[in-house]
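> Below, each chain spelled out in residue letters.
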Amino acid sequence: MLDIVGLTKGYEGGAGHPLFTGVSLHLERGECIAIMGESGVGKSTLLNCIAGLEPVDEGSIRLAGAELTTLDDNAFARLRRQHYGFVFQAFHILPHLTVVQNVALPLWLLDRPGREAENLARAMLDRVGLLARADDWPRHLSGGELQRIAIARALVHRPTLVLADEPTGNLDPERAIGVLDLLLECIRDAGAVGIIVTHSRAAAARADRILRLSAHGLDTEVSRP
Amino acid sequence: MSAALRHVFLASLRRRRLATALSLFAIALGVALGLAVQLIHGAALDEFGRGMRLLAGEADLQVFGPRAGFDDAVYAEIAAQAEVADASPVLEIDARLPGRDISLRIFGIDMFRAAHVHPALMPQVDTAARETGPLAALAADALFLSPAARTALGIAPGEMLAVQSGTHALPLRIAGTVPAAGLGQELGVMDIAAAQLLFGRIGRISRIDLRLKSGIDRDAARRSLAALLPAGVEVLTPETAEAQTSALSQAYRVNLTMLAIIALLTGGFLVFSTQLLAVARRRQELAFLRALGLDRAALIRGLLAEGAVVGLTGGLLGIVLAYGLAGLAFNYVGGDLGAGYFRGLRPALRFDLRPSVAYVLLGVLAGVAGAWLPAREAARMNPARALRAGDEAEVFQSRPRAYLTPACLALATLLCFLPPLGGVPIFGYAAVAFLLAGAVLALPTLVQLSMGFLDGTRDVLWMLARARLAAAPGQAVVAAAGVVASVALAVAMAIMVSSFRHSVDGWLESILPADLYLSASPAATSGFLAPEMQEQVASLPGIAAIRPVRFDTLRLDTERFPVTLIARPVDGGAALPLVGATVTADSPDAAPSAWISEAMADLFAVKVGDVLQLPISGRRVAFHVAGIWRDYARQHGAVVIELADYRALTGDFNANDLAIWLADGAEPDTVAQAIRNALGDDTIKIASPGDIRAISLAIFDRTFLVTYLMEAVAILIGLFGVSTSFAGLATARRKEFGMLRHLGLTRGEIGRLLTVEGALTAAVGTAVGMVAGGAIALVLVEVINRQSFHWSMDIRLPLAGLVIFAGALVLLAALAARLSGHQAMRQSAVLAVREDW
Amino acid sequence: MRERPFWASVLFMLGLASAPAVTSAGPDYPPVREGGQIVFPTDTGAHPDYRTEWWYVTGWVSDEQGVERGFQVTFFRVRTGIGDDNPSRFAPRQLILAHAAVADPAEGRLLHAERSERALHPLAGAATGRTRAWTADWSIEWDGARYHSDVEAESFAFDLHFDPAGRRPVLNGENGFSRKAPDPKHASYYYSRPQLAVSGTLRLRGNTHQVKGRAWLDHEWSSETMPPGARGWDWMGINLHDGGSLMAFRMRDDQGGAMWSAGTLQSGSGAPAALRPEQVSFVPGRRWRSPRTGAEYPVEWEIRVDDRRLRLQPLMDDQELDSRRSTGAVYWEGAVRLLEGGREIGRGYLEMTGYAERLQM
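Keeping their order, the protein sequence lines are chains A, B and C. Counting from 1, position 191 in the first sequence corresponds to residue 191 in the UniProt record's numbering; the numbering is continuous, with no gaps. Counting from 1, position 644 in the second sequence corresponds to residue 644 in the UniProt record's numbering; the numbering is continuous, with no gaps. Counting from 1, position 301 in the third sequence corresponds to residue 301 in the UniProt record's numbering; the numbering is continuous, with no gaps.
These are computed hints drawn from the structure, not numbers from a lab. Every value quoted in this text rests on a predicted model; they were computed, and no experiment measured them. Treat each hint with caution, since some may be false.
To be verified - Counterexamples of contact, computed for chain A against chain B with all Cβ distances above 12 angstroms:
#	residue
1	Gly-10
2	His-26
3	Val-41
4	Gly-59
5	Ala-64
6	Asp-72
7	Arg-80
8	Thr-98
9	Ala-104
10	Gly-217
What the hints assert, rightly or not - Across the chosen pairs, the derived CB separations fall in these ranges:
#	chain 1	residue 1	chain 2	residue 2	range
11	C	Ala-197	B	Ser-224	38 to 44 angstroms
12	C	Pro-277	B	Gly-200	17 to 23 angstroms
13	C	Pro-87	B	Gly-690	39 to 45 angstroms
14	C	Arg-167	B	Ser-224	41 to 47 angstroms
15	A	Glu-116	B	Ala-808	35 to 41 angstroms
16	C	His-121	B	Gly-154	21 to 27 angstroms
17	B	Ser-224	C	Ser-62	40 to 46 angstroms
18	B	Pro-171	C	Gly-108	50 to 56 angstroms
Glycine residues also receive a C-beta, built at the ideal position from the N, C-alpha and C atoms.
Next comes chain A alone, as it looks inside the complex:
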């Protein structure tokens, strides 16, 4: 589904020694992996490269057989709209949209009819257990709830790939696991591919595989039994 081969990324603007080289990765439909690594090793950069938000120096990224590294900015944006879902550490729920509107946002971007978008969004909210808060304003919600909305938003349009950067970083530990489990469940349900960057070993442990990113590439650290 997702094939990354020999991805190399230097420090921005800097020749000299690269941030990471030779990152290769193959993910199947429904597979969720966790990426760990030292601070500053470039985990988030790797996600950004996959999302087309940062250019790569070398290597290839193919999603469902299509090469992505040659896409221009706008084409990648349209691709993201359709095939990507994002979960951020800081939630990034728009405060001026209601909960359901926030979730429907990716569907709006895909020009889905308003009624259909709303129904899908509500269904997704139901899936993350927040249907009751659908018409509330985000400012009345807790961090855990906000991240569940973010999960709903990341998956409402049935993306091929879900990228999550420290999705539990702003949550307390008890809530973190619940939210992470929900995220993984939803990714698997949707048959999407999930990449989760995290510091938390406990969180990483919920993924199918844990990969460690270093300057020389991705190494499998621990396989799930």
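With chain A held as given, fit chains B and C onto it using these hints.
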């Protein structure tokens, strides 16, 4: 605190350079315009007052009559009164200078008397001229010029200057100077007897200046002297005389100052919007400082200091600009800003400390006032909550105060019914302020309501923009309030000026029915057409009929400026632009009819049907007010009577102007040439109604030039408001845009989102501004103009212009929003979403 | 206080201050001719056709305490030649200039004041038929028996009657034709009224005194007095204690020499006798320099009338009148005593012109 002030608060101004610069510039503009108007008028008025005082000299009292003067036997009688220490007669002539475009004020004085009362008018015989014999100053052809007049005319002692009397050009010899006349006074002095003879005013004087014996009570003397004077001749204190004259331009000055104040307010508003945004963006920073122990008061002080610094810097910059503007205005437009109030003056620009300091303080005030609400907002925040992400939207949670709008409107309506204070329509301006306040207060609610209309939209960008504006109308208020204010004022001015211009145009058409106009004395100068000249013109081939017009002024009381008397054939009022009801005399032997201008009706509280006593030829003559006509030329009031009545009362058969009707088939140019051949080229002016109309409208447009300039500035400041608020918002919304980029919006789409938001904001602001502007225009036309200048006008909406203006403004605002957001769009979406705390 | 130099501008402007004596083409001023008859009282009035005319009263008065002071009041009439064809009431055909002074030794210098006006009824004028000249609140008038003069100024005022007690006027020169130069065209009509009994009030710096004394009135009119080359004149008019009068003058050239001198002497109650040039001479004595103008005046004189040696002594040295601001002249005009053989034989006034600059008339 001072280190914190410097590093935390003031340094923040440096970080948002663009917004700071724009606020600063707006305040500078407001200060500059206001102060420039003040300086220009101050200098002109000073010079004007100096001129009046110079002429009044050391007079305790002044006796004034109509412009045509009064019997000089009054002088002998007044001068002989026991209370009077010195009396100085003056014959003031506004002398046309043939072949030149300017006229010269010539004072015929009795030098022996003037020496005691107004030494500044004393002439000095030029050494060269003295060779022509003793008593040179009394010579019939000796004219003395003030230094300013000499410069303006470019003429040296010993040379000759032609002045016009009737339709004759008479040469005068420049015998010397009037050294003590102020630098800015363009005037000439000659012997009173020579002036009477030269200008055909034997037996007439215009003024007597009196010094009273010591120990004489001025008011008592004024009363006892007044009893000796014929009708229409009044004795005034010099202060009253000066005040009457300067009151003439007061309304105009107040109006311009108000515009400047509005510019300043808009500047203050800009400070408000940038500060509010800065506070929003620095919410975490400020929360952190509060958490560290900065107390609320210190926080408020720091934020106010930011506003004050912007205000102070803008104010200082504005002062510099103001002096530059004033200097330019003096060079190119004149001390009255083209309004024609101060002819014959050469005011000089000089540093005027008091208004300069006052305007800097106003600038600081605008800055501090603008910073006040955001500072309070910042102080009110809960540091713990603010430290968390996503809280900045709090700032834009509007607390709708739309319920205040009806109150504002009601108050504004009420204020419109109050009379002016001291001739200044204070309450009218207050009504304008309340209308503006009402409009701005209604804005959040109106934004929310109008976003409801966009509910059906399918375009995601429109949906996002709509949601954003509907949920955070505070943002719209910040960005649109400036638009509302500037659009309202610009629209109001545009409607007012358009109505005014349209009405003036129609008025010109109705007062200029003839084919040609011949003027011997533009602006009532020394020219006139003697009866034989009138007959000569009437008998020229190609002329079907002539109608002479005679002008004079009448002093109706000691309180007010004299009104203009116009004697011309009126056809029972048919030839006048009458407004409202008219009456006709019941019987042929009733009092003759008079038609008064609106200004006169207002100022003297006269209405149709009243009996009006007009002092003509030193007698009070009862007239019957037959109608009220519209007059845009004389805001001090004017009264028209039938020429035949005037001639019967005065025996004065001269005319100032002739309206000429051509015979069928006669060529205007040929006839005009024939008249010139008959009367001489230099001493008369012939114009077609079209020429007069074009010149009048050109003067009209020049008068409103400053107004247009100020409007443009107000609009510019309004657009600054959109631009700065969107720049600020875009920065504050970096994370939102970053997320949207992740979600798949292209850079272009983010830009379009900003454009749509800007356009929506500006559209609502413009719409509200237009409505408010219409209401304000009504107040301007019906209250402020009516009370300031006493003339009515027909409301005329410049619809096409307004639509284009509104469209352009929305477009510009959208563009401004997009350009301001450019920075945000360029910024890495990656960095934005990762900016966590 | 109105001590501002407005007169400077008036006179400067009038061109009197430095206008050359040569007149431009003006009106036809009637010449003064030998043999003209002076008729009283008609000729006590003004002669508006002539170029200049003055009524000139000088005298000594003493108050209740016996303090002696001099006083002087003059009304000039000037025909300008301007505005003869102007029907305006302001037409400046005739000007009335007046000045008045009081010599009070306690002041040390003259108190003086001036007025000038164009003749304009009823504010200022000079009447024909009998003496009456006035400007605003200053006047001199002959009522048929006495003269009355009223002067109001800032630092002084007087209201005086001058009674000739029936004495006839003294005609100077040849029956009133008074030559001023060898050329007879420089001449005036000139009579004097010596030995006028003065009574009335004199106000000085707020104190009003009842005064009595003796005065002298000159009335003179002419069209051309100053001959070319003349710099000024010296004149005196003395009421002699014997009841007579002595008038003498000389026209001076640039070198201080006499171009012409003449006089009239009336001893006691005798008939007046005209003094020919060779009978009168002025010998300057002690000089005094004015601290204001720098002009130097002989304030003491020896006057020779035939073989009599008379001495003139001033009431005080500083009796200079800086009248550049009115008639344009700086001159010395003061109360003097006339002594003969060390004995005072009369009192009167001495006038010395042209010491500061050439006198212009």
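> Which hint numbers does the structure go against, in order from smallest to largest?
Of the numbered hints given earlier, those the structure breaks are 6, 7, 8, 9, 12, 16, listed in rising order.
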